Amino acid sequence: MRPVLRFSLALLLFAGLAPFAVMGEGQWPTPPVEGKPPPQISGPLSGGTGDHTKYEALKQPFASGPEVTKACLSCHTETGKHFMKNIHWTWEYRNPDTGQLLGKKHLINNFCTNARGNEGMCAQCHAGYGWKDESFDFTNEDNIDCLVCHDTTGTYYKTPNSAGSPACSVMFEGKPPIDYNLVAENVGLPERANCGTCHFNGGGGDNVKHGDLSSALKNPPRELDVHMDAKGLNFACTACHITKSHVWAGSRYHVLSKDMEGTGKPGQRRDVATCESCHGTAPHPVDSLAAFKRNDHISSVACQTCHIPEFARGGVATITNWDWRTAGKLRNGEGYHEHGYTQGNGEERYTYKSIKGDFTYGENLVPLYRWFDGQMQYTTIDTKFNVAKPVAINDFTGSRENADSRIWPFKKMTTWLPADMGNGTLVYTHLWGEDDDSYWGNYDMGKAIAHGMKKFGLPYSGEFGFVETFSYWPITHMVSPKEDALSCQDCHAEQGRLQGVEGVYMPGRDHNRWLDLIGTIAVFGTLIVILGHALVRIVAPKGAKH
Amino acid sequence: MAIRRVRIFSLFERFWHWSQMLLIVILMFSGFGLHGFHHLLGFEQAVTLHTLAAFSLLLLWAFSIFWLFTTRNWRHFIPTVKGMWQVLRFYSFGIFQGEHHPYRKAYWRKHNPLQALAYLMLKIVLFPLIWISGLVYLFYFLWRDIPHATQVLDGVALIHTGAAFTIVVFVMIHVYMLTTGHSFKEHVMPMINGFDEVDLTPEEEAYLLKDQPEVLG
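For the record, the sequence lines run as chains B and D.
The opening residue of the first sequence carries number 1 in the working numbering; numbering runs sequentially from there.
The opening residue of the second sequence carries number 1 in the working numbering; numbering runs sequentially from there.
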């Protein structure tokens, strides 16, 4: 490859993978510490019983991450076994109710399509070392990455597990070497920035995927999130996503949409991250009649519905529409990107990238509200569907009649996604690789799909196209202060927030048209009869008045 | 028989009537606000006002029912057809001819037959319809998990709103009727000072003079 082309490709990929690059430039995984920030609230594990700077095991010279892990596990003897059960390691989840095999290892999302086959890039967010293909050893405890979650120095970072297109590697070059001893001796409980390294950047950039998880939550004011408020409660993620043997509560694959158990006995509930597990099942202090009604509503309405009036707040936009159909446009034979959106915090966002297509951003968005029973039904690689119609990547169920359902807020994502038009399935697209088929670098969707499908022995008709897809993201973070919560008439009104929610009569929103018509006619009819009667009394001859 | 000015509405009855009026006005105003006919109150304020007024009215009714049955005043509301035709004929024709109202208040019959029937229907049909449906509506969240709860809620809302419209019609006619006598004031005064002209039998007159002289004006 000619040096000029190589350079421009490098530039392009740098741009395309900007979120990761940004992280690499000092925010990985925690922003630089200025002064000593107050410790975040992490739940009962806070405090600790040991000083890691005093452990001999951490004073040995380390040349790599796995060597540090080995040292960690030499004291934390059971942690490896515990950790290997959790989804950050397995990237796999079998839904006990639907039987579907889920997790990043298998799923197709309607953002960057699929991690499967692209682990060299995507598995930067795997809590392990070196997953670049099917040969990764999931049984080797030394492959666990302890530091990405437990680093408190802000000097630890990760790079892709494989080089990718020849142009890609340069963007990860030139970083200062990691001082593993410094990092290891300063481990602590995970803070928001640790989790945020990956979870704030899902979908390939800041807040792209969830809409309610963005870098704005690293150091949020009270208005953005009342629990994570850096100057107030200052909750770390694990304050709610409580942990038991390195397994976290709060799964998006298996949502508890209605928790009627509440707080449980002191110290006993370690299984849920619901609002009710702290706030109980009668969360509003009963100081008025309205508070009684609010407490009643918890059997129908999720806390999030009223208490997260808008998502993608705090100055960081989320992507709401993504169009892969326009990907692959080249200028002078090279990929490019376009700015087109300035978000609330002043940062520019790309609205087009040759490697990904067109994006539409949104901020301060009103969620979609629907009955939700916590059950998601995924369109997986082997699901057949009608390519002429939009397909839901994760359709959800729920209704007024279902006892587990409540009205929940969602971010709805719409994407034109590559698909196998002949077989009517989604596809694994080969985006990342050192070969000539990888889409990122070669821009041939047909080749990339054929490669991605063949790699896993999947049928591919050879005829690719694009289908309109939806995905639904329950909104649960960015909880507003109570004074910003929705008021009754936001929903109890015509054309209110819950206009699209079916199956329930809501005073203020719903009317029986016939009753209103008959009632109005009756009232005005009475008025006319009265006026007529009065008129006749006035004009009629009075006759024999005494 | 002698026409005497007699206190036919006791202090409690007058208190009952006017506080009931006030509460019904509040309930109609807040209720039709909740229904979406106006937006002069926020939904939360309207719910609070509506619920408070409803409970106050139920309390008032509890006292009034006790009063009606312990004072035998419930007998005023026993329906009768005697004299009904004359009253109906009066409102349909006679009133236009300048005739007098055919009904004379008696001590144990202070309402004319049409009035008595209308008030009785209000008490045993319309009011129960609205307060029972209202309580069921208010406590929806206690029964939301029974089968067909949404259909039941639809029906409850329908009954509650329908009864409300009917009460509006009743109030309109009720107020209009006050204008049909010699003067509006003459009709309203008994409910203010308690006194109206009543046809007393000699026995009633003698009894009242001896045992309850304060009742005679």
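Treat the hints with care, since some could be wrong.
[What the hints assert, rightly or not] Here's a subset of chain B near chain D, in silico, CB distances under 7 Å, partners left out: (1) C488; (2) L498; (3) Q499; (4) G500; (5) G503; (6) G508; (7) L515; (8) G532; (9) V536; (10) R537; (11) I538.
No lab work stands behind these hints: they were computed from the structure.
Bear in mind that the values here come from a model prediction, so they are computed numbers and not experimental data.
By construction, the Cβ of each residue, glycine as well, lies at the ideal position given by its N, Cα and C atoms.
Hints versus structure:
1. C488: holds (4 Å)
2. L498: violated (13 Å)
3. Q499: violated (13 Å)
4. G500: With Cβ-Cβ at 16 Å, over 7 Å, it is violated.
5. G503: Holds, about 6 Å.
6. G508: holds (5 Å)
7. L515: holds (6 Å)
8. G532: violated (11 Å)
9. V536: holds (5 Å)
10. R537: Interface hint status for R537 of chain B: holds (6 Å vs cutoff 7 Å).
11. I538: This hint is violated: I538 of chain B lies away from chain D, its Cβ roughly 10 Å from the closest one there, beyond 7 Å.
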